[in-house]
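Using the hints, build the complex out of the two chains.
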Amino acid sequence: KQEVTQIPAALSVPEGENLVLNCSFTDSAIYNLQWFRQDPGKGLTSLLLIQSSQREQTSGRLNASLDKSSGRSTLYIAASQPGDSATYLCAVESGAGSYQLTFGKGTKLSVIP
Amino acid sequence: EAGVAQSPRYKIIEKRQSVAFWCNPISGHATLYWYQQILGQGPKLLIQFQNNGVVDDSQLPKDRFSAERLKGVDSTLKIQPAKLEDSAVYLCASSLEGLAGDDEQYFGPGTRLTVT
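Going down the list, the protein sequences come from chains W and E. The working numbering puts the first sequence at residues 1 to 113. The working numbering puts the second sequence at residues 1 to 116.
In case anyone wonders, no lab produced these hints; they're calculated from the structure. From a predicted model like this one, the values you see are computed outputs, not experimental measurements. Please note that a few of the clues may not be correct.
Capping the alpha-carbon separation at 25 Å, the derived lysine to any residue pairs in SDA-like fashion look like this [claimed, not checked]: (1) W:K42 with E:D63; (2) W:K108 with E:Q36; (3) W:K68 with E:Q41; (4) W:K42 with E:W22; (5) W:K105 with W:V20; (6) W:K1 with W:K42.
Isolated chain E (complex conformation) (with noise of 0.2 Å):
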């Protein structure tokens, strides 16, 4: 079975710039998350779809960041304009339906951005 795959895997641009990451879950997987994770800390919850709809975007600088998962498939991330705070790794995950309780997400490799 394919794991979650991200795309690009490492991304330097200059601050005020854009930039988009690319996220394809496992094949059935109906929800998705992308997490950002400082040097140091913890991954911290982005943004939560389930299918192709928004559950929790609570934490996501809507200023700046935006998300979209069309079709209920892929998924990507957008920063515009980035800011020398987002420098992090970015994570995408899925899992099969997103039930508390009893199912495991799945992280892929992640998307390491450094805004100079």
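Bound-form chain W, shown alone (with noise of 0.2 Å):
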């Protein structure tokens, strides 16, 4: 059973710096990642999908990777702004038949004036 993990659970950082995320899973078979954002009592937004042959993707100031054989992942996001807070979820497409997004817990992202 594919398991997504996410760390740090929270992050707080202030405008104009550089960042991180991190996402581990359990199963390497992955068709692909996606990055999503989720603002409070909104949906989610895809940032970004590595297709499990690509290396990394590229998005204005965001930046994901994706090392299929470690299962890792990470979103990087270049000079932080405050529009940047919000949860940041991490899913990965996996499963034979029908193909399914197993979700991380998310990170909280605030970015402090």
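Written out as structure tokens, the structure reads:
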């Protein structure tokens, strides 16, 4: 059974800092890994999707890496802004037949002005 | 392009009552998912539809939860009777084909259920 762990559970940083969020998964037989953002009372917004054959994806100030063999991914946020404050969720797609997302519990990020 | 729509946004009921949630996926998306997100947890898949057929409902508590997707478009999720532990946000998502590897899921805003 796939399990996804995210550390830290919460993170508070001053504005402008670069930061790294970590995600690990137990079964390396994945199809892809996604990072999502969730604002309070809102649904999930997909930030980056890394296919299993890829090593990283970039979008603006965000960079996500994937090391499938070690079961790890990192989300790097450059020059953090107060608007980046949200919960960041990591999810892996795996399973035979039905392609399911298994989520971590998330990292709650607060960027202090 | 309109996103995934869900209603209601909030619902408060007493235990043992019934409740229903509605989801309208992105137009043309074949696959629809219902997730349950308990406070402080990541979303957990309850059921996955491909068009109007069920692909996976292994984590759906079938003694009290039911879901349908008539005509392969809109979907409803029902809980009857509700328990206190059903308090959660219920998220609906859709994807174009549901194919592994390169098919992104798009999420609705969710319905926050409180059972008292």
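Outcome of the hint check:
no.: 1; hint: W:K42 with E:D63; result: violated (29 Å)
no.: 2; hint: W:K108 with E:Q36; result: holds (19 Å)
no.: 3; hint: W:K68 with E:Q41; result: holds (24 Å)
no.: 4; hint: W:K42 with E:W22; result: holds (16 Å)
no.: 5; hint: W:K105 with W:V20; result: holds (16 Å)
no.: 6; hint: W:K1 with W:K42; result: violated (28 Å)
Hint compliance for this structure: hints 1 and 6 are broken, all remaining hints hold.
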